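Asks: Single-letter residue listing:
Protein chains: 2
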Amino acid sequence: MEFSELIKTATVEDVLLWRPGLPAVRGTLCITSHHLLLSSRPGGELELWLLIRNVDAVEKRVQNLGWYQPPRTGGSLRDTRVSGSSGTITLRCKDLKVLQLEIPGMEECLNIASSIEALSSVDSVMMMYPFFHRPPSLRLQQGWHLCPPERHFQRVAAQTSQWRLSTVNSDFSACPSYPAAVIVPAAVGDDTVARAARFRQGGRFPVLSYFHPRNGTALLRSSQPLTGPNRRRSREDEQLLGTILDQGERGFVIDTRSAQAAKQARMSGGGTEPKASYPQWRRLHRALERGRALQDSFGRLVEACSEPAPSTERWLGRLDSSRWLSHVKAALSTACLAAQCLDREGCTVLVHGAEGTDTTLLVTALAQLILDPGCRTLEGFQELLEREWIQAGHPFQLRCARSASSHARGKQEAPVFLLFLDCVWQLSRQFPLSLEFGEQLLLTLFDNAYASAYGTFLCNNEKERSLCKVKESTHSLWAWLNQPEEKHKYLNPLYSHNPLVIWPSVEPQSIQLWQGFFLRWIRPSQHLDEAWLEMRRLVQGDSSWLPESAGKRLSQPLPEPPAGTER
Amino acid sequence: MEFSELIKTATVEDVLLWRPGLPAVRGTLCITSHHLLLSSRPGGELELWLLIRNVDAVEKRVQNLGWYQPPRTGGSLRDTRVSGSSGTITLRCKDLKVLQLEIPGMEECLNIASSIEALSSVDSVMMMYPFFHRPPSLRLQQGWHLCPPERHFQRVAAQTSQWRLSTVNSDFSACPSYPAAVIVPAAVGDDTVARAARFRQGGRFPVLSYFHPRNGTALLRSSQPLTGPNRRRSREDEQLLGTILDQGERGFVIDTRSAQAAKQARMSGGGTEPKASYPQWRRLHRALERGRALQDSFGRLVEACSEPAPSTERWLGRLDSSRWLSHVKAALSTACLAAQCLDREGCTVLVHGAEGTDTTLLVTALAQLILDPGCRTLEGFQELLEREWIQAGHPFQLRCARSASSHARGKQEAPVFLLFLDCVWQLSRQFPLSLEFGEQLLLTLFDNAYASAYGTFLCNNEKERSLCKVKESTHSLWAWLNQPEEKHKYLNPLYSHNPLVIWPSVEPQSIQLWQGFFLRWIRPSQHLDEAWLEMRRLVQGDSSWLPESAGKRLSQPLPEPPAGTER
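Chains as they are written, first to last, in our numbering: chain A, 4 to 570; chain B, 4 to 570.
Just chain A, with the same shape it has in the complex (with noise of 0.2 Å):
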């Protein structure tokens, strides 16, 4: 396939483009391969880059007359008459964004339409935008090996002998969706292992997640044992969960399904430890809602917050039944269970769910944070996402493959990254103190996942990226933030360090919508940007970057950056 046959017009003149609460800009419209460029006329002050892939839906409506209504809803091709002389595509972005350009020429329209469509559907991976993109600044290898799993591997063993790293999965064929080298007990050999990931979903044989250096507990995670109708055990397993245990020790699985639903998944061959075999751990219940139940959630409470001026009553009937805020609650309810088994009852703790790949990571991950202070610093952050998100085999390819607004969305989309990121924000606004980096970053995070120029989000797992030869061939999302000039964007200027637990009020009173994501296109943000960047100046002491010149600069937004050089 060549991009050029996808594309059906590539260049028109004279589009108006419109963008909530800024003003309408007239320009020259162009679609490469990768993005969508207008550029404004005369003088082309404005250029507004669109990655293509960040469209997550595309709607048509032909026009009649020269004065121009913005639609409301979209409507498809087949329920409007073609009698137009021009047209309306209004592009929902995956990042939530809406942009409508008005184009000339009903015909130009419906190519430009498609030429979007059948671009941002592209699902090669190896044809995405991060295998072209080379920034002049950066060198291809640069942050790919922020966080190997020898360098977490090292900070376990200056703490325990009990752990060791196995290289059994270093063909990906003990488990496809963990990394070539992971943290198993040391009394526990590599045969052992490769038989007990046999008797688990996907092969995800429990791994050590986090030590917790206080009280030398450990945090694990794994899938859902193969138990199946017919209560199969595995020795193996038994023995790896055995082994970490000392006699008379207790463990706690947290399981993030309801009782009710582990039962039943042992219909489908799945299940749960079942006491007689794993007498020394005691099994927790915490359902934590995924895929399209979440999906939907998204999908609901995307769409409540652009409803323009409803009632308050009719708002907060529409934030409750999206259950989003349930979803946060619950998810920071199930990571404090798991930290405060680890460091007020000294216990270990293994998590999972069934596949082990969403909200097992979410609580894990939540968790270490909540926890360590380390992984509360920019650059542990990062090296968190990469170890419990990227490397764990979150299949970020299968989740953040639609956002809110497709229609056209799978059965695999589900916005558990997205859950996690708004986690994390709930506990930068309660300790707005002790976390390093601050919303911008976890805004970047979330856009990268769903439409990126780096491969870090690319593929669902370390086999998949090995395949397709990611880290050969794109950049790294960390070496591009990790720049002086870009990093300084993501620290928290309050930030200074916490040794301590942080342990978050779950209360729902507590818990508030995200609005700088969520309304982060709706409502203007500008003088909370401003708030920000007068606390940097603050910070840095310089008196010169005055806020009113970066308000200036905020208004008109430039949704992406220059696109670099294209291969």
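Note that these hints are calculated values from the structure, not bench results. Hints are not guaranteed to be accurate.
If several chains are the same, the list does not tell them apart, and a pair holds so long as it fits within one copy or across any two.
Listed next, the in silico DMTMM-like pairs over lysine to aspartate or glutamate satisfying Cα-Cα at most 20 Å (straight line) [claimed, not checked]:
id, residue 1, residue 2
1, K490, E386
2, K492, D450
3, K490, D194
Quick caveat: nothing in here was measured; it's all calculated off a predicted structure.
Since the structure of chain A is provided, determine the placement of chain B on it from the hints.
Replies: Showing chain B alone in chain A's frame:
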């Protein structure tokens, strides 16, 4: 009456004090005329001073055994069999703080409870604490002439000669709830004004609230006209309002009642300005709730906030059914409407509801904050409060007699002033650089409106204050707040002068629960306070003041400052 008659037991040893989120304290309890004092033993490191006027409700419970269980809900004495050997008193304070005192000895417990009840119910103004409070750092007259009507008039007169300062009310005969001097149209004589006053409820004839220097438009306020069922007219009132507008000019009357309610008011002698008699004025109705509806809303929200561990669904349901956020939205929207008529339409505006002492002031005060950068400084905000709330005759004594918890509340209580403070908080959140003061000032103002050591919020109007010699015999809150060592607590470290109108977003998605107020004593705010201190430290460039030490100080807050010298 002597205070000593009301104090049945003055001192009890070995009392246990419980406060949410803080360790219990054991010590000696003393009841004085105005304070409840608990000094911890041994050593007396902690002294809790509580102004008894701050007590909103007293709940007693008598226990049978030595083992203490904090009561979940308060039961009245009659429900409980009197067989115990100790008792627990729950004090629900007007500032929403909840204290529990475990008192050995049933009789002592009942005596203490009835002493607190009696002392907190004293309703003679001149018996209240401000008449006894003599802080050594202040002189009595200080701060009482912060904003004489003359000063406000001088600013208006510098711009236009259309207005004059009238002393028609110098003996409070024209309008008992107006100050001695008010600003009226220059073209109208005092005789006309006095006659117009008879046509307005409580004599509240139209006066100048704010002159908008940008385009010379004026904001006026009054009470409803007394048209009654027979559609009575007043030539003088028509003349007063007629003379403000040039020929062909239009003005707006913003009526803070629904059209229906305004019509019904005719039955009881009130009404609206009929179009026929006021041809240049166009009437807009924006229903704002007040009185009992608002008080109940406040009570419901406070109850919902203190529910332990509700589900998210239940919390959002209770938040919604409290309707508090709807009131905030409605108040801000109406203020924006008034500001818009002035600033964008270039029209003069008259605001009134029925009495003109509640929602009217809410709207005129908020509109000025939105329009006028001068009102957004610490000094300007104090002047605004003086002018538009205190001198304008908001009946603080009636409205703030009881807070959210009292069961004995009368018909006159209503948290209109709290609603104003909440709206100001919403502005400060949306425009974090534009207000010179921070949340701490708003909290302090609330506390002092309901229970204070200062005379500023005593009585219902200037006439009463004059009769009670408040300005001669009590200290002004402003004098206290404006002392350098106090003042810095209320300043916003991020403030930078913003000369523009600040138009808030009034969509329900943008209105947030004021957690700093409603959850003040429920959720730990230590980390948020630290952030504020850190910002202040940054501004002051004083790196010796570490947030850690500040945090330690804040973790044992003393709810009341020491009482100073009593007479």
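Asks: Now tell me, hint by hint, if it's right for this structure.
Replies: Against the structure, the hints:
In this assembly of identical chains, the alpha carbons of K490 and E386 lie at most 20 Å apart only when taken from the same copy (15 Å versus 44 Å across copies). In this assembly of identical chains, the alpha carbons of K492 and D450 lie at most 20 Å apart only when taken from the same copy (15 Å versus 39 Å across copies). With identical chains, the CA atoms of K490 and D194 are never at most 20 Å apart, being 44 Å at best within one copy and 71 Å at best between copies.
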